[in-house]
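Please build the complete structure, drawing on both the sequences and the hints.
From first to last, the protein sequence lines stand for chains A and B. For reference, each letter of the first sequence is one residue, going 0 to 803 in numbering that gives the first Met the number 0. For reference, each letter of the second sequence is one residue, going 0 to 204 in numbering that gives the first Met the number 0.
Check each hint, because a few of them may be wrong.
Computed cross-link-like contacts, EDC-like style, restricted to lysine to aspartate or glutamate with a CA-CA straight-line distance of at most 20 angstroms [what the hints assert, rightly or not]:
| hint | chain 1 | residue 1 | chain 2 | residue 2 |
| --- | --- | --- | --- | --- |
| 1 | A | 237 | B | 184 |
| 2 | A | 89 | B | 154 |
| 3 | B | 129 | A | 466 |
| 4 | B | 129 | A | 344 |
| 5 | B | 164 | A | 51 |
| 6 | A | 89 | B | 130 |
| 7 | A | 70 | B | 130 |
| 8 | A | 363 | A | 344 |
| 9 | A | 210 | B | 10 |
| 10 | A | 70 | B | 184 |
| 11 | A | 89 | B | 177 |
| 12 | A | 143 | A | 344 |
Keep in mind the hints are simulated off the structure, nothing from the lab.
The chain contents come next:
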Amino acid sequence: MSEAIGSQSGLTRRSFIKAAGVAAGALGLVGAAGMTTADGWLAPTEAHAAPEEHCGYTFHYRHCQCNCHLKCTVRDGRMVLVEPNDWPDKRNETICLKGISEIQHTYSEERLQVPLKRVGERGTGEFVEITWDEALDTIADKVKETQEKYGVGAIAIQTAVDSLTTFLPQLLKGQEKPHRGIDIGMGNGFSPALAESGQQGASSNEVTDWKNAKTILNVGCNMLETCMVTAQYFFEAKEAGAEIITLDPNFCTTAEKSSRWIPMVAGTDPALYLGMISLILDNEWYNAPYLKANTSMPFLVKRSDGSLLRKGPVDDVKQAGSDNPFMVWDESAGALAAYNEADVDPVLDFETCIDGEEYATVFKLLRENQSQYPSSWAAEITGIDESVLIEITDKYANNGPSILSFGFGGGEKFYNADVAGHAAVLLATLVGSFGTDIPGWGAGAYVNAYQKIFGAGKLASWPLPSECKTAPAPKASVDYRDEESGIRFMWVQNGAFQQIAGNQNRTNEWAKSLDFVVVQDIWHTPSVDWADIVLPVCSHFEVDEEIGFLRALRGHVLLQQKVLDPLFESKTDFWIDREMAKRLGYGDALPKSQEELARFQLDKATDKAIVGITLDDLLANNGVVALKNQPDIARSYSGQTYKTTSGKIDLYYENLVSYGQALPQYEAPNEAYEDNSLRDEYPLVMTQRRSKYFIHQNFMDATWLRQHYEPTLEMNPSDMAARGLESGDVVEAFNDRGSFQCACVATEAVRPGTAAIVEGIWDKYMDAGNVQNVTNDAVNPRGKALAKGRVTPFNDTLIEVKKA
Amino acid sequence: MTRLAIAINLDRCTGCNTCAMACKMQNNVPMGMAWNRVLNEDCEFEVGVRGVYPNISRSHLPVACQHCENPACMRVCPTGATYKDEKGRVEIDYGKCIGCRMCMAACPYNARVFNWNEPVRDPDFNYGDKDVPVRPKGVAEKCTLCKERTDRGDEPMCVRCCLSKARVFGDLDDPESEISTVLRERNAGVLLEEQGTRPQVHYFN
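Below, the structure written as structure tokens:
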């Protein structure tokens, strides 16, 4: 028996109350404190003798990446049980506390019930009820007016992962999610080397492959809370003997359950990877034959301008290597050779002079570049002991198969995220992580690949008239809130005003300047208050016909079926699409029902994983049918195939030569760096973290979850003592951008000099302000040259905290 | 004989509270009460840890009725409302409960909760399993090992929903059951062994 349990002298009622956390004391989990009576709630037992009961099946919100499919029991018209549905693969039979909380959350007081029209000033949340016709006619008129006055690009729609909108962006013809800036930071640097299709740093293998690894480095990814369905694979790997090493400034749940936690300074991820690269080079722990055969490491670079040497003149750095080969130095011939010649034996570490120009291999340049970044330097920057850095690098390189895992939090939300991503893909390549098909090797964002890259099928797209297509964001624009974006009309879903940018006060000012704002949402998120017209949407449990939407994710086709009739006057996203289509002159262009759309998506699919699966199959299997021909464990780049320019792993980013980032150069965070003089005023680095309780702003109003969580700024006790603070004190967190107020809580899980808070909290649950009021929205100019544009550096934020 | 029980792998428990929420749903547990809760050991807050940064640790302990072989609650119950059933579960006959709360005082695990007032449900209807009895004000209640589900041959809802697969349900009297195997092969133990209650719920690492 563990000592912890054996040493308990008695589980007192008092210790229960204390141990159950903040919420227990306040809400009285034990006893009567705070309870109110509600006469007549208790139905007589007899009333349940023969209740009408049936089951409905639907998918759940998927912004957590999990794609749970649920069996929902409905009794007398109300949803009373939500549990995992039956899947062909039992491992997918999952639900978390959020799914269960839908028993209440679906009926939340915060549900938008009727269409609303603004009557007060924009942002004050003063509305009157209107009819659906008035709401939609008003919007349609405004769409036409905006298009005529400013052009189609003046309308922007911020679609959301958890909206089921399908056609609206194309019908509006405006900008869709311009300059998203979220979940793209690491991918910007990681994905180009591999031509990873999603460009979000998706991992090269599935998390189910972790069980085949011996060493797993998990950097700044709290997957056990943020992508909870991966827990079983995490523990499977650990129990199979993998050493899971989590690097994180804070002692997150994943750090707690890992084999080992290594704390590091927030935002120094590029230094971690660069230091590890130096160790691997210096100790010759890299896989030289792999680098020669499968990467751009032997390619020759002209030192004077950083260009890659090709056989012929180069007009476009993206010209395929097969058309204009990259040049290497052939060892046996002792001469230049095209990289793709038969039997070429390229030299890795080489330099030469040709026609008076100095050339060196990418590998040689990397070695030279890395001399700036010895492990002692990396240790100082990251705050990790040099001996520890050496130890984990040794394990990573020499005790494989190895995994390098990162996520969408931590270093990903810093100004320098693309440098971290580039260094990460380089590091993983040095040890031969990709394309070998050897189980247990891989790198990337496992929580991303889980739902989108692997086990995803392509459903047929319903064709729209050719003029129905979205507009690109203007080239001169870098942030959708700038003048150059040209946006006059904003259509917002899923709490986007609070989610998609740092520096909320700037967002609010911008929102005030717009001509028109539509908010389409299920709940009254803070974004709703900025609307001119509010459209109340059905939850995923409600459909106005028996068939809802389809997904082809998590290795299966997943069908949404009706669990409940639409609650209140809410309508489905599909119904709104159709009504807008009618008003914009495309009434005949859309399917007449969701069933017609679903049948089309399946029957016309050309993806072999889907061909042959019918809607009737789905109905017979309660909405879950396995995709065809899925591998047991999926791995990308099988047989060393890469859709890159050279067809190999392109580690040298020629398009970033002018930014000095052809090979990764360390870049400090924008604000949260060690010797920033701004720290005199704002000494604490603030991290917004995801938690198991919420998916961003979604579920904030779920009372079952709120029994366990209330907004708190988590701080190290030493930082609290220095400010005269005690747990429970209401504090103000502030900087030049703004401030918010909520209770603080002391925990040694938070690194001294930092503060952490769950992101997405609605203003109404804070004592004052919004967490986003303080967050950084600085634009990295390099963003223009990156596949997904500039990252929003949410966590690259300094604050000070005082008693409110 | 049958002795139904749960064994919980504490190495796998992430403290996510899904089991607590599953229990609340299945058993129609009102607001402000919990039959099953997850403690953060030695800590006042959920985000708390033991030790000083960076030398820290955290461990979670899910606690509900331990379904003891020698239940302290049953011995003190003056009306026989608390009983050990034929499948080894400790159950309550709500009709016989007079609300004296002797059982609550006796239980060393604080597994029981009491309906001091009319229960408040949010949403304000009876959710959960249709066969779960609705408890009135003035009775004690606790984990039944999902009697209604386990009588039908299903596993308890906390076991069904555990994302870490930390929970093993089965019959301790069946030597071939998974739970019996786990108890034989793993470092398993019980809470407050010295109390002599002989819990059927086990914990292992």
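Results for each hint:
1. Restraint check for residue 237(A) and residue 184(B): the C-alpha separation of about 18 angstroms stays at or below 20 angstroms, so the hint holds.
2. The straight-line distance between the Cα atoms of residue 89(A) and residue 154(B) is roughly 15 angstroms, inside the 20 angstroms bound, and the hint therefore holds.
3. Simply put, residue 129(B) and residue 466(A) have alpha-carbon atoms about 53 angstroms apart, too far for the 20 angstroms limit, and the pair is violated.
4. Between residue 129(B) and residue 344(A) the alpha-carbon distance is near 73 angstroms, which puts this suggested pair outside the 20 angstroms criterion.
5. Taking the CA atoms of residue 164(B) and residue 51(A), the gap is near 33 angstroms; set against the 20 angstroms cutoff, the hint is violated.
6. For a cut-off of 20 angstroms, the pair hint linking residue 89(A) to residue 130(B) is broken: about 26 angstroms separates their Cα positions.
7. The suggested pairing of residue 70(A) with residue 130(B) holds, with an alpha-carbon distance near 18 angstroms, which does not exceed 20 angstroms.
8. This hinted pair checks out: residue 363(A) and residue 344(A) have alpha carbons roughly 16 angstroms apart, not beyond 20 angstroms.
9. Of the pairs offered as hints, the one joining residue 210(A) and residue 10(B) holds, with about 17 angstroms between alpha carbons and a cut-off of 20 angstroms not exceeded.
10. Distance restraint check for residue 70(A) and residue 184(B): the Cα-Cα separation of roughly 35 angstroms exceeds the 20 angstroms cut-off, and the hinted pair is therefore not satisfied.
11. Of the pairs offered as hints, the one joining residue 89(A) and residue 177(B) holds, with about 17 angstroms between alpha carbons and a cut-off of 20 angstroms not exceeded.
12. Restraint check for residue 143(A) and residue 344(A): not satisfied, since their Cα atoms lie roughly 63 angstroms apart, outside the 20 angstroms limit.
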